[in-house]
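Asker: Residue-level listing of the chains:
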Amino acid sequence: MKFKDYYETLGVARGATEADIKSAYRKLARKYHPDVNKEKDAEERFKEVGEAYAVLKDTEKRAAYDQMGSNWKSGQDFTPPPNWNEGFEFSDGGFGGGGYEGDQSEFFESLFGRGKHRQGGRSGHSRQDQGMHFKGQDHHAKILIDLADAYNGAKRTIALHMPTLDASGHVITQERKLDVSIPKGIKAGQNLRLSGQGGPGMGEGGAGDLYLEIDFHPNPIYRVDGKDVYLDLPLAPWEVALGTTVKVPTPAGTTLELTIPANTIAGRKMRLKGKGIPSKEPGDLYVVTIIATPPADTDAQKEAYQAFEKAFEFNPRTHLKG
Amino acid sequence: MTQTNITWIEGAIVENEIHMSIVELSQAASTSEELIMAWVTEGVLSPTGSSPQDWRFGGDSLSRTKTAVRLSRDLEINTPGLALALQLLDQISDLRAQLVRIASSKKD
Chain F
1 MKFKDYYETL GVARGATEAD IKSAYRKLAR KYHPDVNKEK DAEERFKEVG EAYAVLKDTE
61 KRAAYDQMGS NWKSGQDFTP PPNWNEGFEF SDGGFGGGGY EGDQSEFFES LFGRGKHRQG
121 GRSGHSRQDQ GMHFKGQDHH AKILIDLADA YNGAKRTIAL HMPTLDASGH VITQERKLDV
181 SIPKGIKAGQ NLRLSGQGGP GMGEGGAGDL YLEIDFHPNP IYRVDGKDVY LDLPLAPWEV
241 ALGTTVKVPT PAGTTLELTI PANTIAGRKM RLKGKGIPSK EPGDLYVVTI IATPPADTDA
301 QKEAYQAFEK AFEFNPRTHL KG
Chain U
1 MTQTNITWIE GAIVENEIHM SIVELSQAAS TSEELIMAWV TEGVLSPTGS SPQDWRFGGD
61 SLSRTKTAVR LSRDLEINTP GLALALQLLD QISDLRAQLV RIASSKKD
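These protein sequence lines map, in sequence, to chains F and U. Sequential numbering of the first sequence, starting at 1, is according to the working numbering. Sequential numbering of the second sequence, starting at 1, is according to the working numbering.
Chain F extracted, bound-state conformation (with noise of 0.2 Å):
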């Protein structure tokens, strides 16, 4: 296990004060929500500094964590002293809050034990409902699925893994499968609602339901932007040239035969209209020309650059005015 500099994460000093240490925090939790930021390493920064705040501005966990003294050096191979925090009391148990979903790292974990769990993963408050009749709670999950998934329909397995209680009041994680039917035409950001699928009901009231958010595997070929799909198609300077033909592979699996005309430049972006994600408004698939020239290794090849350069008077800077 590796130790945690809080003030380094943070960015302050070891003196710092309270109000220093929650205007940092402020800043920092600003920057990188993962709902602001979406830079990838966002959600993981947005913990760090979660978590290094639930212990900085704690009067209790801060000082016990400093009093591990200030030689440690972030990622240095850490393993708590034994009774390290012997004469704290920590009026909470522990946990302090403060984290997108919940979690921390282990390190948090062996110092401050693991916090009271949040039922239901990402879905924050527990419902305090009157009556002995209630629905479960609803369960939220992100799945990836496959682009092709989106334009084919598709069936699913899916592990969701969820931490409960066990009977001695630890905290376990439950793997749960599921088959699901992916429907065909949804889009990443959409959520496919489970009903009946959430958490169990007390007395007569039904079981909650599942929403799983969905979001695309990154894929090599395609971007996305809504229901519009693009394709980038790289093609040699003579095909562009002259005009051919060419096959173009489609998220759903199938090949298109697409004419390039005569004298495409780059950049040029071809609209199959209705070949983007299906629905009943189904977006396009937008195919953008790109020129690929193959390098000059051979002397033929090298020749047949110059044969072209004799051929054209083709200054292509002429607007540089260079």
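For the record, the hints were derived by calculation from the structure and aren't laboratory data. Don't be surprised by glycine CBs; every beta carbon is placed ideally from N, CA and C. Take these hints with a grain of salt, some might be off.
Pairs of lysine to any residue residues, derived as SDA-like cross-links and limited to a Cα-Cα distance of at most 20 Å, are as follows [unchecked claim]:
(1) F:LYS38 - U:PRO52
(2) F:LYS57 - U:GLU76
(3) F:LYS177 - F:MET202
(4) F:LYS187 - F:GLU213
(5) F:LYS269 - U:ALA103
(6) F:LYS269 - U:ILE18
(7) F:LYS31 - U:ILE77
(8) F:LYS184 - U:ILE18
Residues of chain U clear of chain F, computed beta-carbon distances all greater than 12 Å [stated by the list, open to error]:
(9) MET37
(10) ALA38
(11) PRO80
Position chain U relative to chain F; hints supplied.
Answerer: Just chain U now, with coordinates in the frame of chain F:
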């Protein structure tokens, strides 16, 4: 809960097919009806219908409400601030989409 189902579970796409009542939305987004009412007043959410009992929230409301819940909880922003943040996030996402389209047409 842990047993494997044999039949394929059919779901409904929230954004296309579902219009939620305030009770359903508050349950699905794990937040209070009071907060949802405050967000409607502020224009963060725009249901159809004239009174809270008749309100029907379109499918996009779920992800918007979930974002609103996270932002207000994690960053402790109040309702007017939240409305502004969501409006700016909408603008950013529109600009990002435009960027994708421009990048696709300007590629050499």
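Asker: Determine for every hint whether it applies to the structure shown.
Answerer: Status of each hint after checking the structure:
no. : hint                : result
1   : F:LYS38 - U:PRO52   : violated, 34 Å
2   : F:LYS57 - U:GLU76   : holds, 15 Å
3   : F:LYS177 - F:MET202 : violated, 23 Å
4   : F:LYS187 - F:GLU213 : holds, 10 Å
5   : F:LYS269 - U:ALA103 : holds, 11 Å
6   : F:LYS269 - U:ILE18  : violated, 35 Å
7   : F:LYS31 - U:ILE77   : holds, 14 Å
8   : F:LYS184 - U:ILE18  : holds, 16 Å
9   : MET37               : holds, 17 Å
10  : ALA38               : holds, 16 Å
11  : PRO80               : holds, 16 Å
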